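Protein chains: 2
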Amino acid sequence: MTAFPVDHIAPAEALAIAEPLEPVAPTTTRTPAEEARTLVAQGKMAALATSSEDGTPWASAVLYAALADGTPILCLSTLAEHGRNLTREPRASLMIGEADPQGDPLDSGRVTLAGRAEALEGEAREAAVAAYKQASPASGLYGGFGDFTYYALRVDRVRWVGGYGRMDSTDADTYHAAEPDPVASGAAYAIKHLNEDHAHNLLDMARALGGHPDATEATCVRIDRYGLDLNVQTPRGFTSTRIAFAEPANKPGDLRGATVELARRARGDVA
Amino acid sequence: MTAFPVDHIAPAEALAIAEPLEPVAPTTTRTPAEEARTLVAQGKMAALATSSEDGTPWASAVLYAALADGTPILCLSTLAEHGRNLTREPRASLMIGEADPQGDPLDSGRVTLAGRAEALEGEAREAAVAAYKQASPASGLYGGFGDFTYYALRVDRVRWVGGYGRMDSTDADTYHAAEPDPVASGAAYAIKHLNEDHAHNLLDMARALGGHPDATEATCVRIDRYGLDLNVQTPRGFTSTRIAFAEPANKPGDLRGATVELARRARGDVA
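One line per chain: the protein sequences are A and B, in this order. For the first sequence, this note's numbering gives the first residue as 4, with consecutive numbering after it. For the second sequence, this note's numbering gives the first residue as 4, with consecutive numbering after it.
Any given hint might turn out to be false.
[Claimed, not checked] In silico EDC-like links for lysine to aspartate or glutamate, alpha-carbon gap of 16 Å or less:
#1 B/Lys47 with A/Glu92
#2 A/Lys47 with B/Glu25
#3 A/Lys195 with A/Glu121
#4 A/Lys47 with B/Asp110
[As the list claims (entries may be wrong)] To give an idea of the chain A side of the interface with chain B (calculated C-beta under 7 Å), a few residues:
#5 Ala52
#6 Thr53
#7 Ser54
#8 Trp61
#9 Ala64
#10 Thr90
#11 Gly260
[Claimed, not checked] Chain B is nowhere near these chain A residues, computed Cβ spacing over 12 Å in every case:
#12 Ala71
#13 Arg94
#14 Asp110
#15 Val114
#16 Ser139
#17 Tyr192
#18 Glu199
No wet-lab data here; the hints were simulated from the structure. What you are looking at is a predicted structure, and each value in this text was computed from that prediction instead of being measured. Cβ atoms here follow ideal geometry from the backbone N, Cα and C, with glycine treated the same way.
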């Protein structure tokens, strides 16, 4: 079902006993790098791990901005422990979780970017100041204090966890080259809207396109630029299936049309 | 205004030009240890900082439970990097943020607990399993797998940040001896309710009890067992004030009565 190594069976999947009765068209999923870039693009607060004076790893809360290639920007004070830590040991990592996780929080997305924090100067600092001010308007006030330094986290490696059994690693080049999912900011609303107002369309999809013609209930649990994931109830038990869009959504406004096309196709409408 | 060291002037306080015109009764605030215990009691997910094989500090997402004395319990797999890290280097820290921060996220609460992760055995493990299952029902399934270990984080030191200019440290004994704020779970609702339906009562409080008889607007920004914090507008400028309850609230149900008493007193009602 997934191209990612399954470390553990997911609690939901432990119940997934219903095999598809009909073949399902192959689907594309976001790559680990796309997942990572998407989490970084959607988030605002992160956990920073630095190394304290005695070597104890130190977790703290930071607000970050991201440059166009996904490089995280931090603005830290040496009056704070994490700021002092970085002046001694630049190796650090940043963990960013899903903006608004629903349900079991262990079944939600997060990513760790590990690398080296580089204090910025000159033009690189100016670009960082501008990006950071977008994320934290108040930094216009505090960012100029003498004890604050703007840092870029130069990423070495990336570990993404999407939830139970969905996880993978990627390298810095792949991470920087990937694109954040353009429809991610509308995903939570789309899922809610589909489940509340279009349950019959989701059921059509599960039956006609998802391999379960006997489905009795279908709930959208994830949506992305390539398609949507359904939890499906059948008389043979519970399962999940993924339905691909005809074309990937390339901008936020594409999500609606792509979903409507799926609904029509599932209903058997001729285009 | 605060008993805590002010590292930086807060953006809001940069505008706080209106001095009280009348004396304000002394107020109690939660201690840093109470703030820390409250955040730990309210939270569910945390960021864990461990030390990776090459020494890079590694930030990851974990679900935690807390024992009655505030000791955090983790349940980690050696298939995950943080689990492997702890088998090599038990020193770690845990950062827990406010459950549902409103407004500027840098002006919200978070705490870092630093110490040593101890793998639990015997009765200590049984107590941890029970506490963890309350926090993560699914751990009944995965917690028993052979690659999972239950850990207690033996806390050495605690750093609390409440927002701009509100921060302090405390030690392990003070942390464990403190009590989580019993009204914290109702605070967000109480703030919303007071601001939406009792703006006139808040204005009475700012005028009669908060030292600003010329206040034109008052908004509740924080509430706890000892009192509430108001942002106040006056013709002389913006400011903030804290109003103490007659008695600390000792259980969730006490918050309403304590606030009603304040409102009556502010209006000049004789008890």
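### Message
Take the shortest C-beta to C-beta distance between A/Thr90 and chain B; is it under 7 Å?
### Response
Check failed: Cβ of A/Thr90 comes no nearer than 14 Å to chain B, outside 7 Å.
### Task
Given the hint that A/Lys195 pairs with A/Glu121, test it: the Cα-Cα distance must not exceed 16 Å.
Not satisfied, since the Cα-Cα distance of roughly 41 Å exceeds 16 Å.
### Message
Given a cut of 7 Å on the nearest C-beta pair, is the interface hint for A/Ala64 held or broken against chain B?
### Response
4 Å, holds
### Query
Regarding the assertion that A/Glu199 does not contact chain B, is the least Cβ-Cβ distance greater than 12 Å?
23 Å, holds
### Task
Report holds if the minimum CB distance from A/Val114 to chain B is greater than 12 Å, and violated otherwise.
9 Å, violated
#### Entry: Agreement of hint A/Thr53 with chain B interface, Cβ distance less than 7 Å
With Cβ-Cβ at 5 Å, under 7 Å, it holds.
### Task
Verify that the Cβ of A/Ala71 lies farther than 12 Å from every Cβ atom of chain B, and report whether the claim holds or is violated.
23 Å, holds
### Query
Between A/Lys47 and B/Glu25, does the CA-CA distance stay at or below 16 Å?
41 Å, violated
### Query
When the nearest CB of chain B is found for A/Trp61, is that gap smaller than 7 Å?
5 Å, holds
### Query
Would A/Asp110 pass as off the interface with chain B, using Cβ distances and a cut of 12 Å?
The claim is violated: A/Asp110 sits with its nearest Cβ about 8 Å from chain B, within 12 Å.
### Task
Find the nearest Cβ of chain B to the Cβ of A/Arg94 and say whether that gap is larger than 12 Å.
4 Å, violated
### Task
Run the C-beta distances from A/Ser139 to all of chain B and say if the shortest one exceeds 12 Å.
7 Å, violated
When each numbered hint is compared with the structure, violations occur for hints 1, 2, 3, 10, 11, 13, 14, 15, 16.
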